[in-house]
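Novice: Residue numbers (numbering that gives the first Met the number 0), protein chains in the order written: chain C, 0 to 154; chain D, 0 to 154; chain P, 0 to 154; chain X, 0 to 154.
Because the hints were derived from the structure by calculation, they are not lab data. Don't take every hint at face value.
Copies of the same chain are indistinguishable here, so a pair counts whether it falls within one copy or spans any two.
Derived pair list, reagent style EDC-like, types lysine to aspartate or glutamate, alpha-carbon separation capped at 20 Å [said to hold, decoys possible]:
hint: 1; residue 1: Lys-44; residue 2: Asp-2
hint: 2; residue 1: Lys-138; residue 2: Glu-105
hint: 3; residue 1: Lys-25; residue 2: Asp-47
hint: 4; residue 1: Lys-25; residue 2: Asp-48
hint: 5; residue 1: Lys-25; residue 2: Asp-54
hint: 6; residue 1: Lys-138; residue 2: Asp-48
hint: 7; residue 1: Lys-44; residue 2: Asp-97
hint: 8; residue 1: Lys-138; residue 2: Asp-116
hint: 9; residue 1: Lys-25; residue 2: Glu-42
hint: 10; residue 1: Lys-25; residue 2: Glu-125
hint: 11; residue 1: Lys-25; residue 2: Asp-116
hint: 12; residue 1: Lys-138; residue 2: Asp-54
hint: 13; residue 1: Lys-44; residue 2: Asp-54
hint: 14; residue 1: Lys-25; residue 2: Asp-11
hint: 15; residue 1: Lys-138; residue 2: Asp-2
hint: 16; residue 1: Lys-25; residue 2: Asp-146
hint: 17; residue 1: Lys-138; residue 2: Glu-42
hint: 18; residue 1: Lys-138; residue 2: Glu-36
There are 4 protein chains.
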Amino acid sequence: MADALTAQQTADAVGVHMFARDRASKAMGMRIVAMSEGAAFLEMKVRDDMLNGFDICHGGFITTLADSAFAFACNSTGDVTVAAGLTVDFLAPARAGDVLTARAFEVVQAGRSGFYDITVTNQRNEQVALVRGRAHRMKGQRVLPGDAGHEGAAR
Amino acid sequence: MADALTAQQTADAVGVHMFARDRASKAMGMRIVAMSEGAAFLEMKVRDDMLNGFDICHGGFITTLADSAFAFACNSTGDVTVAAGLTVDFLAPARAGDVLTARAFEVVQAGRSGFYDITVTNQRNEQVALVRGRAHRMKGQRVLPGDAGHEGAAR
Amino acid sequence: MADALTAQQTADAVGVHMFARDRASKAMGMRIVAMSEGAAFLEMKVRDDMLNGFDICHGGFITTLADSAFAFACNSTGDVTVAAGLTVDFLAPARAGDVLTARAFEVVQAGRSGFYDITVTNQRNEQVALVRGRAHRMKGQRVLPGDAGHEGAAR
Amino acid sequence: MADALTAQQTADAVGVHMFARDRASKAMGMRIVAMSEGAAFLEMKVRDDMLNGFDICHGGFITTLADSAFAFACNSTGDVTVAAGLTVDFLAPARAGDVLTARAFEVVQAGRSGFYDITVTNQRNEQVALVRGRAHRMKGQRVLPGDAGHEGAAR
């Protein structure tokens with residue numbers, strides 16, 4: 000067996016592995032800007048087909064970007080983790096052509112529940128949305144095939 | 000000037016007017032099932048391009064459906080109203096081919112803030128997500144062109 | 000062994016048992032108005048020592064009343080259940096002498112997570128706060144001593 | 000007229016002024032540990048009369064401590080600001096004798112809405128609760144008597 004991956008290598012490998020399979024995030028035109036242990040930054044350009052009836056970006060898509068960043072962040076350690084809940088506050092509208100960046104960070108882990116802060120900003124660094132995510136780590140499932148985890152199979 | 004619309008006629012007209020302009024909800028394949036004063040039901044079929052890296056519907060898209068139903072419900076009185084916040088709890092995964100229905104209802108209005116409950120269920124009537132929405136009614140703006148509102152222009 | 004309790008008897012017995020031990024709710028002057036399976040109504044009079052620096056009831060105490068109703072509701076089936084999270088929207092202030100009623104209802108149960116709606120109203124039936132609670136049911140623990148649960152010990 | 004207060008002097012004066020009138024926070028045995036512009040730290044010892052039926056600190060009182068820190072933080076600039084909403088995640092129980100500290104910080108201000116993060120930890124620095132607060136700043140009202148604000152009366 001090869002040497003265990005470092006935390007950064009695991010985060011990067013999780014990013015590549017998950018993104019390749021994530022049709023939703025790809026269909027939205029997202030891209031990963033950075034991954035690290037407990038954090039992920041994703042970017043998305045607001046397209047015309049993301050606008051609602053008031054000609055601003057549908058809040059659901061702003062949330063989708065935040066939720067993707069959250070998902071990459073909470074799986075970055077290699078343990079399969081699912082989103083259990085979100086609290087979203089919309090701070091400012093996003094418009095066609097805006098480039099949004101979602102930055103997700105782990106705040107605290109309590110048992111198998113993890114809490115994340117995700118901020119969404121535009122290209123002028125104005126805050127567009129503030130999101131808190133709650134994640135649930137699945138027992139004994141690893142994101143990467145053939146990966147037993149840093150602590151081995153005992154999780 | 001024509002007679003004022005009834006509440007139901009206003010809700011239906013808002014639904015038609017908003018949906019025609021809502022590229023986001025149309026791109027997601029949503030359709031309006033029903034509109035009434037303070038409520039809206041929307042439907043969406045989970046497509047392959049809505050699946051995430053775990054082969055289940057991206058939570059952001061479930062939220063987007065809920066947020067659309069919320070938007071139609073909170074504008075149904077004809078007053079322009081924007082989503083200010085969402086709290087989402089994901090209860091069960093949705094899979095490709097599932098037909099999701101989001102039902103949004105007004106719970107209470109407090110000043111210009113309105114609170115809505117939105118539930119998302121699948122075709123087996125299983126609950127997929129539970130959403131609370133907070134909306135902010137804009138002063139003196141009407142959704143329908145040429146509509147002065149039931150109480151006239153004085154809003 | 001005695002016959003199993005009905006759902007209503009269990010709810011009532013849980014109310015009596017928990018309230019007798021709940022120094023916090025008693026210190027706040029709360030009383031149980033009604034208990035049933037999945038629901039609890041509690042009442043509290045706003046005292047002078049519950050007022051904050053703006054001479055209105057501290058929002059934390061409004062939340063405490065809601066949280067107590069939530070706790071009684073989510074334990075009403077006899078399974079030990081703890082509050083995991085709350086989302087609170089404050090709708091109107093409460094003043095000294097107001098009598099607040101919190102009504103908690105189960106919305107949906109998903110695995111061991113339960114979701115509850117709690118409303119707080121005053122004596123004029125005006126809504127003071129809107130609360131969503133998330134509860135976590137503990138495995139195999141019963142509230143009432145010697146109670147094996149309706150389905151027996153197999154939980 | 001006297002010279003305008005610095006931001007730190009305003010925060011300190013607001014702390015003294017509000018706390019003197021805040022019967023609720025005093026009845027709970029809270030004390031202010033520190034105040035600064037946009038932040039407040041408060042401390043509370045868990046008393047026996049704060050315990051619920053499971054012999055742990057009532058979650059409502061943990062929330063009350065967080066809500067007090069939030070109130071002091073969001074009024075620290077001297078503008079009267081009220082709590083509009085809270086999202087609370089309970090991470091670990093608190094027990095009799097535990098000394099809890101709530102630290103509230105402004106995250107972002109968007110128009111008259113302000114968003115705050117509040118963490119509650121115990122004397123072993125373990126996280127007990129994670130709270131996000133949403134505040135609403137009242138127009139043209141100052142906390143301190145005779146205080147016109149840094150920008151004068153034009154707010």
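Novice: Please go over all the hints and tell whether each is borne out by the structure.
Specialist: We went through each hint and held it up to the structure:
| no. | hint | result |
| --- | --- | --- |
| 1 | Lys-44 / Asp-2 | neither (38 Å within a copy, 44 Å between copies) |
| 2 | Lys-138 / Glu-105 | within (19 Å within a copy, 28 Å between copies) |
| 3 | Lys-25 / Asp-47 | both (16 Å within a copy, 12 Å between copies) |
| 4 | Lys-25 / Asp-48 | both (15 Å within a copy, 8 Å between copies) |
| 5 | Lys-25 / Asp-54 | between (23 Å within a copy, 13 Å between copies) |
| 6 | Lys-138 / Asp-48 | neither (38 Å within a copy, 28 Å between copies) |
| 7 | Lys-44 / Asp-97 | within (6 Å within a copy, 28 Å between copies) |
| 8 | Lys-138 / Asp-116 | neither (23 Å within a copy, 30 Å between copies) |
| 9 | Lys-25 / Glu-42 | within (11 Å within a copy, 23 Å between copies) |
| 10 | Lys-25 / Glu-125 | neither (24 Å within a copy, 28 Å between copies) |
| 11 | Lys-25 / Asp-116 | neither (23 Å within a copy, 30 Å between copies) |
| 12 | Lys-138 / Asp-54 | between (43 Å within a copy, 18 Å between copies) |
| 13 | Lys-44 / Asp-54 | within (15 Å within a copy, 24 Å between copies) |
| 14 | Lys-25 / Asp-11 | within (17 Å within a copy, 35 Å between copies) |
| 15 | Lys-138 / Asp-2 | neither (23 Å within a copy, 39 Å between copies) |
| 16 | Lys-25 / Asp-146 | neither (25 Å within a copy, 41 Å between copies) |
| 17 | Lys-138 / Glu-42 | neither (30 Å within a copy, 33 Å between copies) |
| 18 | Lys-138 / Glu-36 | within (19 Å within a copy, 32 Å between copies) |
In this structure, the hints that do not hold are numbers 1, 6, 8, 10, 11, 15, 16 and 17, in rising order.
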